[in-house]
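J.: Fit chain to chain and form the complex, with the hints in mind.
Okay, here's what each chain looks like letter by letter:
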Amino acid sequence: MDNRKINDIEKYKKRVHLMFSELDIKAALREINALAPELIITELITSGLRGRGGAGFPTGKKWEMVSEAEGTEKYIVCNADEGEPGTFKDREILQKQAAKVLLGMTACSKAVGARKGFIYLRGEYSYMRKDLSAQIEAFHKLLNDFKIDFSIELRMGSGAYVCGEETSLLESLEGRRGEARNKPPYPVTEGFMGKPTVVNNVETLVYAVYIILEGTDSFIQMGTKSSRGAKVFCVSGDTPVPGIYELELGMKLSDFVDLFGDDDTKAVQVGGVSGYCVPRKNFSKTIIGFEGVPTGGSMMLFNSSRSMYNVLHDYLEFFSEESCGQCTPCRIGCQQLLKGIEQVKRGTKHSSYLDNLREIAETMSIASKCGLGQSVAHPFISTTDYFKEEIIY
Amino acid sequence: MNTDIQEIISKTGTERNRLLPVMQEVISRNNYLSETAMRDIAKAFDISAAEVYGVATFYSFIDVSRLGRNVIRICKTISCDLKGKTDIINAIEKHLRIKLGETTPDQKFTFLQTNCIGWCHQSPAMIINDKVYTELTPEKAIVALEEWE
Ligand SMILES: Cc1cc2nc3c(=O)[nH]c(=O)nc-3n(C[C@H](O)[C@H](O)[C@H](O)COP(=O)(O)O)c2cc1C
Ligand code: SF4
Ligand code: FES
Chain A
1 MDNRKINDIE KYKKRVHLMF SELDIKAALR EINALAPELI ITELITSGLR
51 GRGGAGFPTG KKWEMVSEAE GTEKYIVCNA DEGEPGTFKD REILQKQAAK
101 VLLGMTACSK AVGARKGFIY LRGEYSYMRK DLSAQIEAFH KLLNDFKIDF
151 SIELRMGSGA YVCGEETSLL ESLEGRRGEA RNKPPYPVTE GFMGKPTVVN
201 NVETLVYAVY IILEGTDSFI QMGTKSSRGA KVFCVSGDTP VPGIYELELG
251 MKLSDFVDLF GDDDTKAVQV GGVSGYCVPR KNFSKTIIGF EGVPTGGSMM
301 LFNSSRSMYN VLHDYLEFFS EESCGQCTPC RIGCQQLLKG IEQVKRGTKH
351 SSYLDNLREI AETMSIASKC GLGQSVAHPF ISTTDYFKEE IIY
Chain B
1 MNTDIQEIIS KTGTERNRLL PVMQEVISRN NYLSETAMRD IAKAFDISAA
51 EVYGVATFYS FIDVSRLGRN VIRICKTISC DLKGKTDIIN AIEKHLRIKL
101 GETTPDQKFT FLQTNCIGWC HQSPAMIIND KVYTELTPEK AIVALEEWE
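Order-wise, the sequence lines are chains A and B. Just so we're aligned: 390 in this note's numbering is position 390 of the first sequence, and the numbers increase by one with no gaps anywhere. Just so we're aligned: 59 in this note's numbering is position 59 of the second sequence, and the numbers increase by one with no gaps anywhere.
Okay, chain B solo, but in the shape it has when bound (with noise of 0.2 Å):
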């Protein structure tokens, strides 16, 4: 077993309602969950692979394939709609040259959108990994990209 997955339900346990804990913990070492870790966290919590996998498909912050090591979730929601998203999306494409849903060939970013993120009177917004971007421009968000290696 992965010596990752062992260290996370070595505090978790492996009760059935921990999975989501262990996923999630594994998400945020790794940004995804690869067929191997699913195939590990079934043995330990004991139940099949298949069942692991259905839980984590249904969640749209578990990936279960790969992903850059930075993950940009902009905002596509009504409110950030309104306030420019569109502009923003078109600066980060051209900046990083992908499209969304891509990842970057040096694996640095993903660029995804997501649902309202709770920041609706200080749109448009996105999260980088943890982190909250509001108020964006096309200026604002390209130098935020900067921050992440």
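Bound conformation, chain A alone (with noise of 0.2 Å):
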């Protein structure tokens, strides 16, 4: 690792260090078990905290909706499967700070009255199973120290990358395929076993925690309008320090390269395989936040050596294998994208063909069932918009 580099990411004016510090988890669950939820939920509108899986979605509502939904049985499921190539934030966080993730799971259950939760783990980190049963164990005892009625099940997936969108998650937490469902109705009104369900993300439940504990007065003054808070990014690709940041949101890309890139960053991926493609020429008008290129954490850096056909490549072929075929536009569509840019590469199509495949991208933000197919247009058309000659010749 580069010490001069993580000298300057140390010392730069947006890092900060909420995530992985110290919490005493004892005192956090007594002042969390005191507070009414309608306090709780309040915090969390003001505070302008939203989703970190990469939707966005502002969790003081969705709280709020799941609270005011019909029925006395609700649940609460911490999305853990963490599948979006670039991320790997989820982990480290639950591997350090899983207390604080319980926690969160814990605050939500009393502000929106649900008695059971689960997390949903990706198989691919079965390895930390055996922990995290341990301390969720641990944390059941201190929940019944404190009278409070509310249990969390671990849960593992099985590798498939749509099983992180929230309805997939939720027909594989059933015991079903993890094929999407139709949205409307969401699964705040019905989610888990058709009863109204909250689903966040690993560090979404963090930071209410941060929020609820520290006042909305600290969050606010991180990050910018839009994109209130800090975030965990993920660093990976061509960067000498490669690894895991919290940083506070609204930062410019370009400030964001010069901290991580290798002075020949040429592009940088933000948001995964399901993001966006932004070219050396945009760094600078780029703001990494909801008012910009959003991301659920992944920022993937590559420098001039990287031919942008291989790396559209690789991402069509994830595409293709993690589709679950329920949907035709997704399901062919990946897979003709993925042909279609092998034969304008080999030239059996001719270069404007690439404008057919973009109109099919378009088609299929509009017509897929899921986030998944919907997706598949950012990077191939940003790629393709920025790096049209690599892709062609």
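Do not take every clue at face value.
Claimed, not checked - Capping the alpha-carbon separation at 25 Å, the derived lysine-lysine pairs in DSS-like fashion look like this:
| no. | chain 1 | residue 1 | chain 2 | residue 2 |
| --- | --- | --- | --- | --- |
| 1 | A | K130 | A | K96 |
| 2 | A | K183 | A | K369 |
| 3 | B | K11 | A | K116 |
| 4 | B | K131 | A | K141 |
| 5 | A | K130 | B | K131 |
| 6 | A | K141 | A | K130 |
| 7 | A | K130 | B | K11 |
| 8 | B | K131 | A | K96 |
To be verified - From the derived model, a few chain A residues whose C-beta atoms are all more than 12 Å from chain B:
| no. | residue |
| --- | --- |
| 9 | S21 |
| 10 | S226 |
| 11 | I332 |
| 12 | E390 |
Claimed, not checked - Just a few of them, taken from the derived set where beta-carbon distance is under 10 Å, the chain B residues facing chain A:
| no. | residue |
| --- | --- |
| 13 | R18 |
| 14 | Q24 |
| 15 | N115 |
| 16 | C116 |
| 17 | N129 |
No lab work stands behind these hints, which were simulated from the structure alone. For glycine and all other residues, C-beta sits at the position ideal for the given N, C-alpha and C.
T.: So this is what it looks like as structure tokens:
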């Protein structure tokens, strides 16, 4: 690792250390347990916290919807499926701060009135299962001490990226093929077993704890108007300092590249394979956040030695393999895009064929059933926009 | 009914939402879900064997054909690709004398590819059974294989 770079990152004004800081779990639980549900929800709404799993739905609003939903049987699901390529923060959070995540789920259960929660952990992280189960067990004892009627069950995924999509995840939890549901209804009214359900990302739950304990002011001071607070970023690809870094939201991509690049960065893929390719010429006008280019954490850097054709080809292989095949635009579209760029590259199709492919991608955004098929256009259009020559020649 | 499955189900119960945990437990013991196992599970859950097969085949970590005692899954996605997964694959293929997707004749290893396993910052990476290996070199990969019986 490059020490000078690490130093610069640590000194950077938007570098923060909240996620992995120490916390007295027992004291925190006591404090949360004493709060009124309405107060927890108001605090979260005021804080402006938005989901850290990618879609960025306002967290307080989600909790409010579930608290107001009809029925007494409600569920909390912590989404630890973390399948987006280039994302590895939830693993680290669960490994180092599992108790904070459990605390977040408990706060949520109190706010919405749920008695049961699940953590859906991807199968690739099975090695963590034993430790995490032990932590859950210890936490249950603590809940018991406070006479809190809430329990958490660990469930494993089995190697399917689409199961990170909240309705696929719920299908999987119910013991079915992880095929996305039609929306609406949304999980907030009909989730696990048809009951109102909060689905939140691991990181979101920890920031919720931070806000509830520290108040909204310190959270609002970080980030920007549309992107409050901080975020855990996962840096990979062509960088001398790959790893996990917590930074305020709303920074300029050019600042990011100055800190994490290798002086030869030609593009950054923001938001993983389903995110956007930003070329060098746009670094200084791109904001990392909901008002600019959002990310669930994944930041992949590519330097000038990389062929963007190969990069796009990799993404399309990924989508073709991970498409659940349930709806036609995505099932056929992913394969056609992959085959299409291969043909253009080989010269068996004219370069203008790329325009047809872009139309397919646009159709997929509109006609696909879930976020997987809907987001293929993000990398496809952005990469072919900015690196057309590399795709063709 | 197979005693393994009986034992697993006695702990989990047969509520439909327990189907995946039951399959996962069978996999962790036998590495694959046999036709008999699927039939037994179907009977216990009171659903059709086709339904069980349908669920099983959705998940890439639930195999319905026999695998070796140890399953190697090497990451093929972008970061690992940039950082030389092809060299690792070549080294493992050469060492085990099998190709990706195959099982060694002694049933010791099955060699598969998978998508991003969440170690992109320490790529290339692979999993053998549940154990993760990162920052691989061809040499490190071969040493990793030697850990397994
Ligand atoms: C294909 C696909 C995969 C997804 N994978 C994940 C994931 O691994 N983890 C996650 O938290 N959200 C994932 N999401 C987003 C979830 O559907 C959902 O929006 C999120 O879990 C809500 O939590 P949040 O509001 O706290 O972000 C995925 C979405 C799609 C379309
Ligand atoms: S968009 Fe793709 S992943 Fe989503 S339901 Fe359709 S086929 Fe399945
Ligand atoms: S790309 Fe291989 S671990 Fe993420």
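J.: Determine for every hint whether it applies to the structure shown.
T.: Outcome of the hint check:
Taking the CA atoms of K130(A) and K96(A), the gap is near 14 Å; set against the 25 Å cutoff, the hint holds. Using a Cα cut-off of 25 Å, the hinted pair K183(A) and K369(A) holds, with the two alpha carbons roughly 9 Å apart. For the hint linking K11(B) to K116(A), the alpha-carbon distance of about 19 Å falls within 25 Å, and the restraint holds. Pair hint K131(B) plus K141(A) does not hold up; C-alpha atoms about 29 Å apart against a cutoff of 25 Å.
Taking the CA atoms of K130(A) and K131(B), the gap is near 13 Å; set against the 25 Å cutoff, the hint holds. For the given pair, K141(A) sits about 17 Å from K130(A) by alpha-carbon distance, which is consistent with the 25 Å threshold. Simply put, K130(A) and K11(B) have alpha-carbon atoms about 17 Å apart, close enough for the 25 Å limit, and the pair holds. Taking the CA atoms of K131(B) and K96(A), the gap is near 18 Å; set against the 25 Å cutoff, the hint holds.
No beta-carbon of chain B comes within 12 Å of the beta-carbon of S21(A); the shortest separation is about 21 Å. A cut-off of 12 Å between C-beta atoms confirms that S226(A) is not in contact with chain B; the least separation is 28 Å. Distance check on I332(A): its Cβ is at least 19 Å (rounded) from any Cβ of chain B, clearing the 12 Å threshold; non-interface status holds. Separation of E390(A) from chain B is adequate, the least Cβ-Cβ distance of about 15 Å exceeding the 12 Å criterion.
Taken as an interface hint, R18(B) checks out: its beta carbon lies about 6 Å from the nearest beta carbon of chain A, inside 10 Å. Among the interface hints, the one on Q24(B) holds; its C-beta lies about 6 Å from the nearest C-beta in chain A, closer than the 10 Å criterion. Because the smallest distance between the Cβ of N115(B) and any Cβ of chain A comes to about 6 Å, under 10 Å, the interface hint for this residue holds. Hint status for C116(B) relative to chain A: holds, with the closest Cβ pair at about 4 Å, below 10 Å.
The interface hint given for N129(B) holds, since its Cβ lies 9 Å from the closest Cβ of chain A, which is under the 10 Å cut-off.
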